[in-house]
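As you go down the protein sequences, you meet chains H and A in turn. 1 is the number of the first residue of the first sequence in the numbering used here; add one for each residue after it. 1001 is the number of the first residue of the second sequence in the numbering used here; add one for each residue after it.
Simulated from the structure, these hints should not be mistaken for lab results. Every residue, glycine too, gets a C-beta built ideally from N, C-alpha and C. Possibly wrong hints are sitting among the right ones.
[Unchecked claim] Heads up, incomplete: computed chain H residues facing chain A, CB under 7 Å, no partners named:
| id | residue |
| --- | --- |
| 1 | G15 |
| 2 | E89 |
| 3 | D92 |
| 4 | L93 |
| 5 | P115 |
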Amino acid sequence: MPRYLLSVHGPAEPGELGNYPSQDAMLQAFADTAAFTERLQREGHFVFAGGLAPATTATTVDGHGATPVLTDGPYLVAKEYLGGFWVVEAPDLDRALALAAEGSKACRGRIEVRPFQTEDSFPHLLKP
Amino acid sequence: MVGRLARRFGDLDVAEEATAEAFVAAVERWPRDGVPPNPGGWLVTTATRKAIDRIRRESQRDARHQAAQMLSDHTPPEPTGPVQDDRLRLVFTCCHPALAVEARVALTLRLLGGLTVAEIAHAYLVRETTIAQRITRAKAKIKAAHIPYRVPSAEDIRERLAGVESVVFLVFNEGYLASGGDDPVRVDLTDEAIRLGRLLHTLLPDDGEVTGLLALMLLIDARRRSRVSRTGELVTLDEQDRGAWDRALIAEGHALVRERIAAVAAGGEPPGRYQLLAAINAVHTAAPSARDTEWSQIVALYDRLAMLDPAPIVRLNRAVAVAEVDGPSVALAEIDRLAGALDGYHAFHATRADLLRRLGRSGESRAAYDQAIALAGNPAERAYLTRRRDQLAG
Chain H
1 MPRYLLSVHG PAEPGELGNY PSQDAMLQAF ADTAAFTERL QREGHFVFAG GLAPATTATT
61 VDGHGATPVL TDGPYLVAKE YLGGFWVVEA PDLDRALALA AEGSKACRGR IEVRPFQTED
121 SFPHLLKP
Chain A
1001 MVGRLARRFG DLDVAEEATA EAFVAAVERW PRDGVPPNPG GWLVTTATRK AIDRIRRESQ
1061 RDARHQAAQM LSDHTPPEPT GPVQDDRLRL VFTCCHPALA VEARVALTLR LLGGLTVAEI
1121 AHAYLVRETT IAQRITRAKA KIKAAHIPYR VPSAEDIRER LAGVESVVFL VFNEGYLASG
1181 GDDPVRVDLT DEAIRLGRLL HTLLPDDGEV TGLLALMLLI DARRRSRVSR TGELVTLDEQ
1241 DRGAWDRALI AEGHALVRER IAAVAAGGEP PGRYQLLAAI NAVHTAAPSA RDTEWSQIVA
1301 LYDRLAMLDP APIVRLNRAV AVAEVDGPSV ALAEIDRLAG ALDGYHAFHA TRADLLRRLG
1361 RSGESRAAYD QAIALAGNPA ERAYLTRRRD QLAG
């Protein structure tokens, strides 16, 4: 079954309350997000999910050369970074978009839906 | 045929190319061997074989498995008949909301309209490579993101159909009042939009908005011949030669509008945007002259439309009818409230200029015409506005 990455972006340096107007709103969003994730599991869509620590905690590694070069910080400099994601299975894009709409409502963020590559994505490379 | 093969093989490129190959084969063989007893069936069978050959060539690894699976496709035909059903699936795929609007338009014209990339590029005044790229990207997305070949479920169909209708109407509008280039009307686009509208109506005969959209396009297109003068100037509704209107198209459009009025009266869903716009155009095309138009009915229809769609453009058009019922000063007061929203829109300034002219405020009218001329992209419309401006007294 096709797999999709549903990713949520957030501010580079989220404050104590993240994007949320109040503590209560934040807790409610967390509860709704957890409920959404449970639903994905119940209905057989769930593959994996997680929330990420702030982008400021990232390290970028370039292993091209003789010794790896380490850089403190994310790969791209941006105002918003990937904050969390779900990997889901859905029969087609319509279903994936419907799931994303619910996830977006639950987490109060916009969601990017992106399909994973499959073997069909590069049949010419797999030719014997 | 493309739709049918696309459903079966799940790949637009394969479907399109196999269809083209089948037609080439027909051109080569039919003159030599004679036309087969069932030409349509022959084409489908040939295209199916070509598609399978193609898939075999492209992925030898599991070709046998794939071909076996496809050859055993014995999906029972659905009530609407498999061919129509496949075209409908293709409509919804081409107009999928996950595709950018430009991509939907290009894909619909290419796959449903059968226009070539060159024809689409010419109609939209962009380079062929741009259109080709739009189509290639859209097809790649359909494939990679698994956009389904499916008629949406009952709960989604109205919303998705609205997207399809807007693509068709967008094509029609660009043809009817081209926003750029030298041709004021692009008949290739209006004809294609009407053809698509007819196709939708055949596929979904009971849908009120689909019927309304077709009626609307027919009633607008009926006036095409009288809309641009011999000197290439736009002729507004009140000055058009009504004898040059296409009576057959008007009769067809009126019949569709009557059908919808009866359906709504019989307890059907209330009319949506296209049905109301079609009704407005039915009132216009039923009048022997601009003066004899039932303007109060038009205002009432615009009132209903404004309840569905409170967009400033709807209120601008309503004001044009208000001017006929309550006079230009009432209309001008309504229009001036829209200045903030419509300042960059040529029709706002053109309407304002006309109302100011009728109120004898020549200086202000001239300034409004100047603004309208500067913003108008259509050559016939610029010519018309320029003449009206130059006719102003003092």
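How the hints compare with the structure:
1. Against a cut-off of 7 Å between C-beta atoms, the interface hint on G15 of chain H is violated, since the closest Cβ of chain A lies about 33 Å away.
2. This hint is violated: E89 of chain H has a C-beta 11 Å from the nearest C-beta of chain A, more than the 7 Å allowed.
3. For the restraint placing D92 of chain H at the interface with chain A, the shortest Cβ-Cβ distance is roughly 4 Å, inside the 7 Å limit, so the hint holds.
4. The interface hint given for L93 of chain H holds, since its Cβ lies 5 Å from the closest Cβ of chain A, which is under the 7 Å cut-off.
5. A cut of 7 Å between beta carbons decides the hint on P115 of chain H: the least distance to chain A is about 4 Å, and the hint holds.
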